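S.K.: Since chain A is already given, all that's left is putting chain B on it; use the hints.
2 protein chains.
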Amino acid sequence: MHKSRISAFVIDCKVDDLDTATKFWSRALGRAVANPDQDGDGRYAELATGADEPFLLLQKVEHDARIHLDIETDDLDAEVARLEALGAKRLQFVKRWWVMQAPTGHRFCVVRKPHREIGSHANTWD
Amino acid sequence: MHKSRISAFVIDCKVDDLDTATKFWSRALGRAVANPDQDGDGRYAELATGADEPFLLLQKVEHDARIHLDIETDDLDAEVARLEALGAKRLQFVKRWWVMQAPTGHRFCVVRKPHREIGSHANTWD
Numbered sequence: 001m002h003k004s005r006i007s008a009f010v011i012d013c014k015v016d017d018l019d020t021a022t023k024f025w026s027r028a029l030g031r032a033v034a035n036p037d038q039d040g041d042g043r044y045a046e047l048a049t050g051a052d053e054p055f056l057l058l059q060k061v062e063h064d065a066r067i068h069l070d071i072e073t074d075d076l077d078a079e080v081a082r083l084e085a086l087g088a089k090r091l092q093f094v095k096r097w098w099v100m101q102a103p104t105g106h107r108f109c110v111v112r113k114p115h116r117e118i119g120s121h122a123n124t125w126d
Numbered sequence: 001m002h003k004s005r006i007s008a009f010v011i012d013c014k015v016d017d018l019d020t021a022t023k024f025w026s027r028a029l030g031r032a033v034a035n036p037d038q039d040g041d042g043r044y045a046e047l048a049t050g051a052d053e054p055f056l057l058l059q060k061v062e063h064d065a066r067i068h069l070d071i072e073t074d075d076l077d078a079e080v081a082r083l084e085a086l087g088a089k090r091l092q093f094v095k096r097w098w099v100m101q102a103p104t105g106h107r108f109c110v111v112r113k114p115h116r117e118i119g120s121h122a123n124t125w126d
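Taken in order, these protein sequences are the chains called A and B.
Last residue of the first sequence: 126 (this note's numbering), numbering continuous.
Last residue of the second sequence: 126 (this note's numbering), numbering continuous.
Misleading hints may appear alongside valid ones.
Stated by the list, open to error - Taking lysine to aspartate or glutamate and the DMTMM-like style, the derived pairs with C-alpha atoms no more than 25 Å apart in a straight line are: (1) B/K14 to B/D39; (2) B/K3 to A/E46; (3) B/K60 to B/E46; (4) B/K23 to A/E84; (5) B/K89 to A/E62; (6) B/K113 to A/E62; (7) B/K60 to B/D37; (8) B/K89 to A/D19; (9) B/K95 to B/D77; (10) A/K60 to A/D16.
To be verified - Covered stretches of chain B, as calculated for chain A (at least 3 residues, CB under 8 Å): (11) 25 to 38; (12) 42 to 56; (13) 65 to 77; (14) 80 to 93.
To be verified - Now the in silico label distances, taken between C-beta atoms and shown as ranges: (15) A/K89 to B/D52: 25 to 35 Å; (16) A/D39 to B/G42: 38 to 48 Å; (17) A/R90 to B/M1: 42 to 52 Å; (18) A/T124 to B/D126: 37 to 47 Å; (19) A/A81 to B/D52: 29 to 39 Å; (20) B/Q101 to A/A78: 33 to 43 Å.
FYI, nobody ran anything at the bench for these hints, they're computed from the structure.
Nothing here was measured: the structure is a model prediction, and the numbers come from that model.
Virtual Cβ for every residue (Gly too), placed ideally from N, Cα, C.
Next up, chain A with everything else stripped away, as it sits in the complex (with noise of 0.2 Å):
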């Protein structure tokens, strides 16, 4: 049994400097920034959200704009044996989660390591 639930919604970005545009999602949502450089490299910032509510993360990318989903889980490999058994494909591991490619062609991440305990709106899965 492992769980799993929506942990993020990644808004990736190609800029140069990630702070323009954190700053400008920062007031467009209306949310503070909560830390504007999370792994002290320049590619990650977030913005303030609620316990209850996924991550509203920035990204810096080389690709185009997009936003992606990441899922948080307490099992990663059954997680992504999970998804895989739905369709998604195994894209690469990286740090401590896997890109998926969805059926659908959208990009996400399962993320081994949750941020903070698996809470609201989780799922359990057999």
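M.R.: What follows is chain B alone, placed relative to chain A:
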């Protein structure tokens, strides 16, 4: 004074048949299909979400797969003007919403009619 908040994340799918896409995302995210054909034209399907969550919608589109977000507001003109002042551009008015483009290149919609009362996580703007 007006209000706005994130109202939906929309999974845009370039598919002939939205049902298959809806079934995948329903299973992947562990969300029941709340409405397989919201407008009766085979273009919108809704996954089940809690009252404190943004809607999760599937949309059948002609462009490449992406995810976009919707902002809902009780004053469309004021909200669009607020977002323009931040650097977003109006692209097109459709039915009851404006399609806008962020300075980061992301397209998003600003929706006039809240699907339900604006509640959790709303911002109030002067």
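S.K.: For the segment 80 to 93 of chain B, do three or more residues have a beta carbon lying closer than 8 Å to a beta carbon of chain A?
M.R.: holds (count 4)
S.K.: Verify the proposed pairing of B/K14 with B/D39, using a straight-line Cα cut of 25 Å.
M.R.: holds, 18 Å
S.K.: Is the Cα-Cα distance between B/K89 and A/E62 25 Å or less?
M.R.: holds, 23 Å
S.K.: The hint says 25 to 35 Å between A/K89 and B/D52; measuring C-beta to C-beta, is that right?
M.R.: The hint (25 to 35 Å, Cβ to Cβ) holds, given that A/K89 and B/D52 are roughly 32 Å apart.
S.K.: Tell me if the straight-line CA distance from A/K60 to A/D16 falls inside 25 Å.
M.R.: holds, 8 Å
S.K.: Is 37 to 47 Å respected by the C-beta to C-beta distance linking A/T124 and B/D126?
M.R.: holds, 44 Å
S.K.: Closer than 8 Å Cβ to Cβ for three or more residues is the test here. Does the segment 42 to 56 of chain B pass it with chain A?
M.R.: Our answer is that it holds, as 3 residues pass the Cβ test (under 8 Å) against chain A, meeting three.
S.K.: Do the Cβ positions of A/R90 and B/M1 conform to the proposed distance bound of 42 to 52 Å?
M.R.: holds, 49 Å
S.K.: Is the Cα-Cα distance between B/K60 and B/E46 25 Å or less?
M.R.: holds, 12 Å
S.K.: Are B/K23 and A/E84 close enough, with their CA atoms no more than 25 Å apart?
M.R.: Cα-Cα ~14 Å, so holds.
S.K.: With respect to the beta-carbon atoms only, verify the hint that B/Q101 and A/A78 lie 33 to 43 Å apart.
M.R.: holds, 40 Å
S.K.: Holds or violated: B/K3 and A/E46, Cα atoms, limit 25 Å.
M.R.: This hinted pair holds, its Cα atoms lying about 23 Å apart.
When held up to the earlier numbered hints, the structure conflicts with hint 6 and nothing else.
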